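2 protein chains.
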Amino acid sequence: MNTKFINAKVLKTSDDHTFNIIDGEVWVKGNEIIFAGEKDKGPSKTADESGDPIVWERTIDCEGNLIMPGLKDAHTHTAMTFLRSFADDLPLSDWLYKQVFPREGQLTEDDVYWLDILGIMEYLTSGITSNFDMYFFPQKNGKASNDCGFRTVQTSGFNDFGSSIEEVEERYLAVNEIGPLQSFIMGFHAEYTTSMERMEGIAKLCQKYKSPCFLHNSETEAEVKGCLERYGKTPTALTESLGMYEYGGGGYHCVWFSDEDFEIFKKHNLFAVTNPCSNLKLASGIAPVKRFIDEGISLAIGTDGPASNNALDMWREMYLTSTLSKVREMDAASIKADEILYAATVGGAHAMNLPDCDRIEEGKKADIILIDLQQPNMQPENNIVKNLVYAGGKQNVLLTMVDGKILYENGKYDIGFEPKDIYKKANEIIGRMR
Amino acid sequence: MNTKFINAKVLKTSDDHTFNIIDGEVWVKGNEIIFAGEKDKGPSKTADESGDPIVWERTIDCEGNLIMPGLKDAHTHTAMTFLRSFADDLPLSDWLYKQVFPREGQLTEDDVYWLDILGIMEYLTSGITSNFDMYFFPQKNGKASNDCGFRTVQTSGFNDFGSSIEEVEERYLAVNEIGPLQSFIMGFHAEYTTSMERMEGIAKLCQKYKSPCFLHNSETEAEVKGCLERYGKTPTALTESLGMYEYGGGGYHCVWFSDEDFEIFKKHNLFAVTNPCSNLKLASGIAPVKRFIDEGISLAIGTDGPASNNALDMWREMYLTSTLSKVREMDAASIKADEILYAATVGGAHAMNLPDCDRIEEGKKADIILIDLQQPNMQPENNIVKNLVYAGGKQNVLLTMVDGKILYENGKYDIGFEPKDIYKKANEIIGRMR
Numbered sequence: 001m002n003t004k005f006i007n008a009k010v011l012k013t014s015d016d017h018t019f020n021i022i023d024g025e026v027w028v029k030g031n032e033i034i035f036a037g038e039k040d041k042g043p044s045k046t047a048d049e050s051g052d053p054i055v056w057e058r059t060i061d062c063e064g065n066l067i068m069p070g071l072k073d074a075h076t077h078t079a080m081t082f083l084r085s086f087a088d089d090l091p092l093s094d095w096l097y098k099q100v101f102p103r104e105g106q107l108t109e110d111d112v113y114w115l116d117i118l119g120i121m122e123y124l125t126s127g128i129t130s131n132f133d134m135y136f137f138p139q140k141n142g143k144a145s146n147d148c149g150f151r152t153v154q155t156s157g158f159n160d161f162g163s164s165i166e167e168v169e170e171r172y173l174a175v176n177e178i179g180p181l182q183s184f185i186m187g188f189h190a191e192y193t194t195s196m197e198r199m200e201g202i203a204k205l206c207q208k209y210k211s212p213c214f215l216h217n218s219e220t221e222a223e224v225k226g227c228l229e230r231y232g233k234t235p236t237a238l239t240e241s242l243g244m245y246e247y248g249g250g251g252y253h254c255v256w257f258s259d260e261d262f263e264i265f266k267k268h269n270l271f272a273v274t275n276p277c278s279n280l281k282l283a284s285g286i287a288p289v290k291r292f293i294d295e296g297i298s299l300a301i302g303t304d305g306p307a308s309n310n311a312l313d314m315w316r317e318m319y320l321t322s323t324l325s326k327v328r329e330m331d332a333a334s335i336k337a338d339e340i341l342y343a344a345t346v347g348g349a350h351a352m353n354l355p356d357c358d359r360i361e362e363g364k365k366a367d368i369i370l371i372d373l374q375q376p377n378m379q380p381e382n383n384i385v386k387n388l389v390y391a392g393g394k395q396n397v398l399l400t401m402v403d404g405k406i407l408y409e410n411g412k413y414d415i416g417f418e419p420k421d422i423y424k425k426a427n428e429i430i431g432r433m434r
Numbered sequence: 001m002n003t004k005f006i007n008a009k010v011l012k013t014s015d016d017h018t019f020n021i022i023d024g025e026v027w028v029k030g031n032e033i034i035f036a037g038e039k040d041k042g043p044s045k046t047a048d049e050s051g052d053p054i055v056w057e058r059t060i061d062c063e064g065n066l067i068m069p070g071l072k073d074a075h076t077h078t079a080m081t082f083l084r085s086f087a088d089d090l091p092l093s094d095w096l097y098k099q100v101f102p103r104e105g106q107l108t109e110d111d112v113y114w115l116d117i118l119g120i121m122e123y124l125t126s127g128i129t130s131n132f133d134m135y136f137f138p139q140k141n142g143k144a145s146n147d148c149g150f151r152t153v154q155t156s157g158f159n160d161f162g163s164s165i166e167e168v169e170e171r172y173l174a175v176n177e178i179g180p181l182q183s184f185i186m187g188f189h190a191e192y193t194t195s196m197e198r199m200e201g202i203a204k205l206c207q208k209y210k211s212p213c214f215l216h217n218s219e220t221e222a223e224v225k226g227c228l229e230r231y232g233k234t235p236t237a238l239t240e241s242l243g244m245y246e247y248g249g250g251g252y253h254c255v256w257f258s259d260e261d262f263e264i265f266k267k268h269n270l271f272a273v274t275n276p277c278s279n280l281k282l283a284s285g286i287a288p289v290k291r292f293i294d295e296g297i298s299l300a301i302g303t304d305g306p307a308s309n310n311a312l313d314m315w316r317e318m319y320l321t322s323t324l325s326k327v328r329e330m331d332a333a334s335i336k337a338d339e340i341l342y343a344a345t346v347g348g349a350h351a352m353n354l355p356d357c358d359r360i361e362e363g364k365k366a367d368i369i370l371i372d373l374q375q376p377n378m379q380p381e382n383n384i385v386k387n388l389v390y391a392g393g394k395q396n397v398l399l400t401m402v403d404g405k406i407l408y409e410n411g412k413y414d415i416g417f418e419p420k421d422i423y424k425k426a427n428e429i430i431g432r433m434r
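Chains as they are written, first to last, in my numbering: chain A, 1 to 434; chain B, 1 to 434.
Since the hints were made in silico from the structure, they are not lab data. Only a predicted model underlies this, so the values are computations on that prediction, with no experimental measurement involved. Among the clues, some could well be false.
As the list claims (entries may be wrong) - Beta-carbon label-pair distances, calculated as ranges:
#1 B/Asp94 <-> A/Asn176: 49 to 55 Å
#2 B/Glu57 <-> A/Lys412: 56 to 62 Å
#3 B/Tyr231 <-> A/Ala333: 51 to 57 Å
#4 B/Glu167 <-> A/Ala333: 34 to 40 Å
Claimed, not checked - Computed list of chain A residues with no C-beta within reach of chain B, every gap over 12 Å:
#5 Gly37
#6 Asp52
#7 Phe86
#8 Tyr113
#9 Asn176
#10 Thr194
#11 Ala203
#12 Glu329
#13 Gly404
#14 Gly416
Said to hold, decoys possible - Chain A residues, not near chain B, derived (Cβ > 12 Å throughout):
#15 Ser14
#16 Pro102
#17 Thr108
#18 Asn159
#19 Ala174
#20 His189
#21 Glu197
#22 Tyr209
#23 Lys210
#24 Glu229
#25 Glu246
#26 Asn310
#27 Lys405
C-beta atoms are modelled at their ideal positions from N, C-alpha and C, and glycine is treated no differently.
Pulled out of the complex, with its shape left as it was, chain A reads as follows (with noise of 0.2 Å):
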């Protein structure tokens, strides 16, 4: 499929963390952007590499709305929707203990390919092109995300609840060999749910396969203390101890730092990866991003699961990352909104080893989406960007591409699935749980 969005304003990113935005259009072909500028100053590369001229089987009037890079979702447990507003406004431990984890105890593998289906479908709405996923059965919800045509990255839950080491020695291999827009990296729930022996596990795979380790990171007061307790050092200091950052990665959450831990995370270069509207609900604190972005840690934004969210929405989980911080510092001018969209998108791109998915530019994958810039929530067009960050919302998103296939459009998908069939089997699922 080969597709040419004309009459387009592009967003396009800088180095240095900011954006511009110019007149142009925006070129398809198969999987890849092979242009993307001004209207008259096309490539004269309008044929591939046989020499014949690219048919172009859409062209996409977009009447000046804007498109960007779609967002990355760089943290979630897509498959909880089935526990969606299932128990809030419970105490966390009630809501984790006695509500989440006797309910996620009964899924089935079958359970988690619709349920994931279901969330899939929210990122579409919400201009989401990968996610960065961390969850049971990774085979399966790989071949959900597969089936859909989405870009998944997982991580390993692994923790002393579940599965062995070899098991995600195995998840791993096999994940990594669904296809090209399926990948996993090595990681594990988090130090206070996983034992030393275990955590020396997922130590020795990182260094094995050269991977980075992603886990939950300091989300609540009470795991750092724990973790002091059980062995004298932070869990970030902890899992550097273990070599586990030999090939990078980072963390979720990473709401409660000491100074140690920044200088971790600098000397790394981890990603910092927040989580704001879970870490409101569930009461766990707001995060240090001014000084992530002032010492120069890589940030990215996750939604977290819909169980503690309750929505996939990236728009508002940007427009919280921005404001939380800058209540935290009590001030308006210690955050510009430009980081928070680099962050959205080339921060989770790079967090999640996507770096071909992370700008519109010649030569990136075709993970595009397309703004509504002709709603109210958009006018007047004082500032682009801003308008996007603290105004923006799913109501804009008109259009979400995945590796050149559009998936979403005007409020419909094209996953091969129907609504109706997947709302029906997310209720059924969670009525038979009741």
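Starting from the known structure of chain A, fit chain B onto it as the hints suggest.
Positioned in the frame of chain A, the structure of chain B alone reads:
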């Protein structure tokens, strides 16, 4: 226009601040709800006063989607749309004194008219059926709202820098004459911008017209400290001592409250109108929402103006009213979703003295919205109220009806103006001031 909504889920409001949802129908005759109940339990009242059968101009098949009361934006400065994303990420004082005030000084009455319409369009996309507005040129503001068929309650932004107390009285009388959709409640900008003499003038008008009184109250810590230095009292205690609350009223923001302030709010049945997005973005702080609820103080929710937010989106406000309170208290169980939806509907309507616009019930005004439950963020249907508060958004708003007239439906407006003309006006107005 008589409209029958069939095959709907209908959100019914209980006096204990909870909701239940029934399958049924809502019948609107003229601007009034004449029935809201189960399909086969309709009233015999199918004829109007003359005994003739009611002619249903439209019957809308809701396909199982949700009819609920429109959201009330209980504090805003609508026409500030021209400054959306104009000068964000600055310290509050630079933003206000160097960017906002000089440009507001250049606004004409006509500018405000067009900028209001842009804001009203956005309210409609967010399922907002009335706004509590404070801005320059109230008569023109009222005309804009009235021309659109929108419902607006205004208050005065009176302070030391503009009009006289006589003009406030004139505006009060003029706006209350515009028509049934428009009203005016006494008020002034804030203690820190208004001299004692002028505040006393407002207090007299409140008493003369038996009007409630509203103002920006304790938005920032500096404001409260300043008031204590000037008068030895908090803004709440000071305004009470001037006799402003004999007929009720309330405060916008209410972030920095003393124990005495809570007592005064209880004593006079004042409304606390919370503005979480603006308080974050301007780094003002997090309001004590849980305590307002626990002490039985009526809560309402507003967006504040689009320059400090930057969206006019009550979904985001509802989400943050709950989740910010949770992180303020460091207790995920501290707030229930139902309380938030109650504040955004009943709380707002009552703060604005619109007791007939607060719920879906026979005899109430038809300020109604239709919410799409067939989107992935609303599935599964574990708890529809929690889905609305924690996962809902503008993308779920299918239809917004004000006073029995459908002003917004499936992305199209019926307000007498074309979006592109309004966008052009807004861009021209700010373009003139760059």
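A quick look at each hint next to the structure:
1. B/Asp94 <-> A/Asn176: 49 to 55 Å: Because 51 Å falls inside the window, the suggested range holds.
2. B/Glu57 <-> A/Lys412: 56 to 62 Å: violated (30 Å)
3. B/Tyr231 <-> A/Ala333: 51 to 57 Å: violated (30 Å)
4. B/Glu167 <-> A/Ala333: 34 to 40 Å: Holds, at about 36 Å.
5. Gly37: holds (25 Å)
6. Asp52: holds (41 Å)
7. Phe86: violated (4 Å)
8. Tyr113: holds (15 Å)
9. Asn176: holds (28 Å)
10. Thr194: holds (23 Å)
11. Ala203: holds (32 Å)
12. Glu329: violated (7 Å)
13. Gly404: holds (23 Å)
14. Gly416: For A/Gly416, whose nearest Cβ neighbour in chain B is about 15 Å away, the distance exceeds 12 Å, so it holds.
15. Ser14: Holds, because the least Cβ-Cβ distance between A/Ser14 and chain B comes to about 17 Å, which exceeds 12 Å.
16. Pro102: Fine: 15 Å to the nearest Cβ keeps A/Pro102 off the interface.
17. Thr108: About 16 Å separates A/Thr108 from the closest Cβ of chain B, which puts it past 12 Å; holds.
18. Asn159: holds (22 Å)
19. Ala174: holds (27 Å)
20. His189: The claim holds: A/His189 sits with its nearest Cβ about 20 Å from chain B, beyond 12 Å.
21. Glu197: holds (32 Å)
22. Tyr209: holds (34 Å)
23. Lys210: Consistent with the label, A/Lys210 stays out of reach of chain B, its closest Cβ about 37 Å off (over 12 Å).
24. Glu229: Check passes; 20 Å lies beyond 12 Å.
25. Glu246: Its Cβ never comes within 12 Å of chain B, the nearest being 35 Å, so this holds.
26. Asn310: Check fails; 4 Å does not lie beyond 12 Å.
27. Lys405: Check passes; 19 Å lies beyond 12 Å.
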